[in-house]
Amino acid sequence: MIKHVFKLLWNKKGSNALMALEIFLSFIVLFFVLSYLFFNLDRVNQTLGFETENVWMIEMDAIDKLDSLEAVTTLQNLKRNLINLKEIESVSFTESIAPFKGNQWRTGTDDNGFNMNTLMCPVDTDLLATVGLNVVQGRWYTEEDLNETIKPIVVNQAFIDRYYPDKSMIDSIFILNGDRRLIGVIDEYRYIGEFADSEPTVMELTDYFQNMGNVLLKMKGDIPTSFEEELYNLTNTTIKSTSNTITTLEYERAKDSNESWVLIVALLFICGFLCINVALGLFGVLWYNINKRRSEIGLRQALGAHSIDITKQFILEILLLTLLAVGLGIFFAIQIPLLKVTEYPDSLFYRSILFSTLIIFLLVITCALFPSVQAARISPADSLHED
Amino acid sequence: MIKLNKISKVYRTKTIETTALNEIDLHIPKGEFLSIMGPSGCGKSTLLNIMGLLDEPSDGSILVSGQSIKNYASRETSKFRNQKLGFIFQSFHLIPDLSVLDNVELPLLYRNVSSKDRKQMASAALESVGLANRKSHFPSQLSGGQKQRVAIARAIVGNPEIILADEPTGNLDSVMGNEVMDILTKLNTQNGTTIVMVTHDESMAKKTHRLVRLYDGSQVA
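Listed in order, the protein sequences are those of chains A and B. For the first sequence, our numbering begins at -3 and goes up steadily by one. For the second sequence, our numbering begins at 5 and goes up steadily by one.
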């Protein structure tokens, strides 16, 4: 039967080519949209490397207007005042490179005999406790590290995996804006956002200075938002400015993610609309074809085909056509992982191919089922008489 | 071979009830070549469809090849139709997208015959109607007479016991009509195939063993 159906398709290749093209293009669009979706979902499912729950953040716009000495004194006073509050467990100062703020600092060197590019993140000794970083090798910074001749640094696991895989680098020295001694490795710190890739990151210990305009606060449990007023007043009084903003990392995380989700949802919506259009098109074409072939259906029934044979034949026709179109789509899509066109993992594209194939076949079977069942219900006596 | 017992067929709509066949009693023994004549709309094709199990009578019973048909939609009835009956139509009903050989193979497709055997049987059937050299042609490349001979080849490819022909010469000129009639006569005399033919042509009907006349759904002769 498959050979027979294939002959029917081949002998009508002119009219079937358009339908196959429609299925092929739908597959390709679906493949790219799903690849984009899986790519982002994979990132969202990766650990951020730090906690956002019960972590508040104060953004101080005015601190960089102070001279450096005054800024240090003000920040030290602020830290003391904040830590004295019973609601606050830990306080950490960061630069403008704070979680979910969209700022980043990158640096690179080839002084170690290879190209090293990394994100830099100025931190203080309290960041570990404030956002719950996970040290997987070595240790985190102490106050004494500020006085070391060779600056100690902590990096993330992605840094080690990319530049020094399969060896312990603790206490080793390498060059990155001067000599650095690696003292610890943390699991991850994806401060750019949930949709950001896991990149090599260096956590650089920094003393108080005037650019430290963000304060992260680890709260003792679920503190009510009414505490914001007290915190706001305390901050204003201490740094003698009212241009401070209080937010939570949970809020910032959601706000940052929403922008990416909007694009994903928009793409899915467009893709869904395309699928509905393809489905309606297929349904219409199949319905038209079946009506055009009523006498053939009657003839087949007269020659011994049962109604199930008729349904099977029409479904097989569209499945074979889909197989050809999707097969061509897979041929092109699979070139991306095979030829390593991108640096993204191959599994991402294989998954997209699999799901695109499943969705297209599901769509086609759904559209073919009703017209095919209707075809089987055509009375042979009527359809043979019509012609 | 075919026994119709008080067969009636009534078509009903919301407002009209049309009697196509009215209590037809007919017995067609094995090996008979029977023709059915009558004016347009008298129920000839309906009667043929009922004999061919393509249509269900409103009343009465039918016995074909010793088998009483109860469920017209069953797999058994389809199988029975495939193995015992062959159909020839006035408008040929060849599938335009299939070659002559593929058209003739069609009944065997529903019989689980291997591809090789299908080809052999279809080639033999085409040879018997004198179209062995037209296997790879498409229906659009054939004349009316050739198309009908392909349809006959398709009807006989599975060696059916009964052939039901609905005005097989209706769309053909007299020369081609006679050619088709000769083939049917030969099938009847040489193979003993029972043939029931609906026709408008008195001269063709005279070549058969028996003539049944219908008028307004009733048998008049």
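Incorrect hints may appear among the rest.
Unchecked claim - The calculated lysine-lysine pairs, modelled on DSS-like cross-linking and capped at a C-alpha distance of 30 Å, are: (1) A/K288 x B/K88; (2) A/K9 x B/K120; (3) A/K(-1) x A/K216; (4) B/K139 x A/K288; (5) B/K88 x A/K(-1); (6) B/K139 x A/K3; (7) A/K(-1) x B/K120; (8) B/K88 x A/K308; (9) B/K123 x A/K(-1); (10) B/K120 x A/K8; (11) B/K88 x A/K9; (12) A/K216 x A/K163; (13) A/K308 x B/K18; (14) A/K8 x B/K83; (15) B/K74 x A/K3; (16) A/K288 x B/K210.
These are computed hints drawn from the structure, not numbers from a lab.
Going through the hints against the structure:
no. : hint             : in the structure
1   : A/K288 x B/K88   : 29 Å, holds
2   : A/K9 x B/K120    : 25 Å, holds
3   : A/K(-1) x A/K216 : 72 Å, violated
4   : B/K139 x A/K288  : 25 Å, holds
5   : B/K88 x A/K(-1)  : 26 Å, holds
6   : B/K139 x A/K3    : 15 Å, holds
7   : A/K(-1) x B/K120 : 12 Å, holds
8   : B/K88 x A/K308   : 24 Å, holds
9   : B/K123 x A/K(-1) : 13 Å, holds
10  : B/K120 x A/K8    : 24 Å, holds
11  : B/K88 x A/K9     : 35 Å, violated
12  : A/K216 x A/K163  : 39 Å, violated
13  : A/K308 x B/K18   : 34 Å, violated
14  : A/K8 x B/K83     : 29 Å, holds
15  : B/K74 x A/K3     : 36 Å, violated
16  : A/K288 x B/K210  : 38 Å, violated
Hint violations for this structure: numbers 3, 11, 12, 13, 15, 16, all remaining hints satisfied.
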